[in-house]
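Novice: So the protein sequences, as listed, match chains D and E.
So in the numbering used here, spot 55 of the first sequence is number 55, and the numbers just go up one at a time.
So in the numbering used here, spot 33 of the second sequence is number 1033, and the numbers just go up one at a time.
Because the hints were derived from the structure by calculation, they are not lab data.
Positions of the beta carbon are idealized from the N, C-alpha and C atoms, including for glycine.
Hints are not guaranteed to be accurate.
[What the hints assert, rightly or not] From the structure, some residues in chain D lie toward chain E, with a derived Cβ separation under 10 angstroms:
1) P103
2) Y201
3) G202
4) P259
5) S264
[Unchecked claim] Here are the simulated DSBU-like cross-link-like pairs (lysine-lysine), alpha carbons at most 35 angstroms apart as the crow flies:
6) E:K1217 <-> D:K118
7) D:K209 <-> E:K1260
8) D:K93 <-> E:K1217
9) D:K291 <-> E:K1006
10) D:K61 <-> D:K225
11) D:K292 <-> E:K1217
12) E:K1260 <-> D:K61
13) D:K292 <-> E:K1013
14) D:K292 <-> E:K1085
15) D:K292 <-> E:K1257
16) E:K1260 <-> D:K292
17) D:K118 <-> E:K1006
18) E:K1006 <-> D:K292
19) E:K1217 <-> D:K252
20) D:K291 <-> E:K1217
21) E:K1257 <-> D:K291
22) D:K291 <-> E:K1268
23) E:K1281 <-> D:K252
24) D:K292 <-> E:K1168
[Stated by the list, open to error] Derived CB-CB ranges, DEER-like:
25) E:S1323 <-> D:D165: 23 to 29 angstroms
26) E:P1225 <-> D:S186: 31 to 37 angstroms
27) D:K252 <-> E:W1018: 19 to 25 angstroms
28) E:Y1358 <-> D:I100: 19 to 25 angstroms
29) E:G1328 <-> D:T290: 45 to 51 angstroms
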Amino acid sequence: MGDLNRRNFLKVLGIAGATVSGIPSKNLLAEPNSQLSEDRMGVLVDTTVCIGCRRCEWACKVSHDLPAGDIESYSDESVFERMRRPGNEGYTKVNRYTNINDPQRSINVKVQCMHCDKPACVSACIVGAITKKENGAVVWDTDKCIGCRYCLVACPFQIPTFEYDVALYPDIHKCDFCFERTKDGSLPACVDICPVEALTYGKRRDLVKVAEKRIQLYPDRYLNKIYGFTEVGGTSWMYLASTEFYKLDFPKLGDSTAPGVSESIQHGIFAYFVPPIALYALLGGIMWVTKKREGDKEGSK
Amino acid sequence: METLFKPQPIRYKFFTPWVIFISAIASVGLIFLFIRYFFGLGAVTNLNQFFPWGIWIGLDVAAGVALAAGGFTSAALGHIWHREKYEVFVRPALLTALLGYTFVALSVVADIGRWYYVWHPLIMWNGNSALFEVGICVMVYLSVLYIEFLPIVTERFIGRVNLPGILKIFNRILDKLLRLLDRTLNKFIFVFIIAGVVLSCLHQSSLGTLMIIAGQKMHPLWQTPVLPLLFLLSAFAVGFPMVIMESLSASKSFGLKPEKEVLSSLAKFVGPLLGVYLAFKIGDMVIRESFIYLTQLNTVSIMFTIEIVIGVIVPLRLFLSPSIRESGTGLYIASILVIFGVLINRFNNFIIAYNPPYTETSYFPSIGEISVTIGFAALEILLYRAFVMIFPIISLPVKGMVQKTKYAIRGV
């Protein structure tokens, strides 16, 4: 029942989204967790363009009702002295790296949830509180979450964070791709505010073409790689850079999906409940046979 | 003349200096637990955004489930394979499993941020999640364990219901109900016994699947797709050593004569079970060539070596030796080593192997976490002691020839 309701609920959500983006609704009958729209959105981050103004950090906090402070305070560059990670207080952070080829122009890297196509957190979540939406966003549902923090364990990018200092109703925090804004056709807050167009919002498949074109046009400017194109099966957010990505603290990840092996094992053990039922039958058989033998022994005494 | 063993409540004084000491340890744990509920997980634990799981999951839950494996392994041996001489161990092992899983559930409630939503997985399903599988299985198995324990309760109270004062009028009806429950259970208990073994096999292995999704955040010495199998095999191996350790401990504590002969023959199973586990563990290491990480000297390689050598190879050798199996001390030490090995294996898998990106720090449990973990273990010991003094759990020799009564070892 619960499952059915949830599925219907998601379907309704999906159809609502589909009518906006104009996808035929028959595609939506697939399993909500596994459906991947051809038209899912994404963002291309060009780290060669980013100037590290951190306005995206401010806009993100404002649009998520987090204490944001004065926008002028974000021009303080001393924060770049240490690496900062997204957290409960803000879902995106910009880190600065020295550019070995051109020390005058530092490299700035915005970090937030990558919104994987096959997210480990969605696969891991014990109650299905995290879902991959039709538009590509990976979104957390506060009504289901039990606070087990398995998503923190699973995420290969170490993105979700938890409120350890809250006793009664601790939340999980992560970038939600501004799900509430994009539903109404607005841009994600960070993309909207970016003054230098380091962030490009669009359909993921179009963004791949844009990225390929840029690499092709400026082979000296870019490393010939789109980070997120194939990593862990592909992510909605993708990056261009002038240098190797591991030097910018991107994890070196394979192309197989993050939950891949785990899910196959899980489904192997539970393939249509055949293995557990077979084991039950086997043990029942042994129990019956040995009991009979014991009975015979006692009878012959 | 064959001596007949029959489970009966142990008559002994509850409080001894040791018991008072253990109660003190339990109280310290409970104090830290109160702090956790009033000020949040961060106030008591060393957990953070990089290390979301600590010893409450790695030891209390993962090792707790493994060490409760005596319950299903001895139930399988005694009730499914009908090896009757081992039936004396079924009830003590059932009690360990019952208390063990109860405290696993309590540990989960202590660890999850929104403990009042602990029932959510019952109606909000995610079949892809290994944690969901573990959660559901543990909940169902815990219920099965309580059902399996009911015949012991009916046996204790049938014909002995004696409520005080005005409640006396319910004595007769309660006794009738107990008898009805007993008759019904007698017919259907086998359904639950088999279910208990199946459920155990499922979640013991799924516990191993848990950390696979952490991918390369987990050290290659432990990260392998056969983790569920390794977890299951090690659970098989640790079941009987737990039973042996408890039986010897209880005998010592209550001044009883240990049933050495049966313990020695139960110990014969341990060697082969440990051997199979070791073979798969080594085989996996050779196939994945993860042994290259053992050439460096660091925390990871030391912990792995301790786990394998002290926790598996040494006790395997001990259990294969007949003279060790015959000696009480030998059995005790060998069993403790196996238990230590599985405990450290779960700790390694969940804590030592987990190495998240973007942090230079590592996790070490706080005083509060350690206090709660030890406090829960202390509470389990106290409850075990109370239960064997109230209920017929431990089998004692019955003097003279006694006809097997209806309530001799039957059901569970």
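Novice: With reference to the structure, classify each hint as holding or not holding.
Specialist: Hints versus structure:
1. P103: violated (25 angstroms)
2. Y201: violated (26 angstroms)
3. G202: violated (29 angstroms)
4. P259: The hint holds - D:P259 has a Cβ within 10 angstroms of chain E, the shortest such distance being about 6 angstroms.
5. S264: holds (9 angstroms)
6. E:K1217 <-> D:K118: holds (18 angstroms)
7. D:K209 <-> E:K1260: violated (75 angstroms)
8. D:K93 <-> E:K1217: holds (22 angstroms)
9. D:K291 <-> E:K1006: Within the cut-off at roughly 20 angstroms; holds.
10. D:K61 <-> D:K225: Holds, at roughly 31 angstroms.
11. D:K292 <-> E:K1217: Roughly 52 angstroms between the alpha carbons, so the hint for D:K292 and E:K1217 is violated.
12. E:K1260 <-> D:K61: Cα-Cα ~68 angstroms, so violated.
13. D:K292 <-> E:K1013: violated (43 angstroms)
14. D:K292 <-> E:K1085: holds (17 angstroms)
15. D:K292 <-> E:K1257: Satisfied, since the Cα-Cα distance of roughly 33 angstroms is no more than 35 angstroms.
16. E:K1260 <-> D:K292: holds (29 angstroms)
17. D:K118 <-> E:K1006: Roughly 57 angstroms separates the two Cα atoms, so the pair is violated.
18. E:K1006 <-> D:K292: holds (23 angstroms)
19. E:K1217 <-> D:K252: holds (11 angstroms)
20. D:K291 <-> E:K1217: violated (49 angstroms)
21. E:K1257 <-> D:K291: holds (30 angstroms)
22. D:K291 <-> E:K1268: holds (23 angstroms)
23. E:K1281 <-> D:K252: Roughly 27 angstroms separates the two Cα atoms, so the pair holds.
24. D:K292 <-> E:K1168: violated (44 angstroms)
25. E:S1323 <-> D:D165: 23 to 29 angstroms: violated (57 angstroms)
26. E:P1225 <-> D:S186: 31 to 37 angstroms: violated (43 angstroms)
27. D:K252 <-> E:W1018: 19 to 25 angstroms: Check failed, 53 angstroms falls outside 19 to 25 angstroms.
28. E:Y1358 <-> D:I100: 19 to 25 angstroms: Since E:Y1358 and D:I100 have Cβ atoms about 21 angstroms apart, the given range 19 to 25 angstroms holds.
29. E:G1328 <-> D:T290: 45 to 51 angstroms: violated (30 angstroms)
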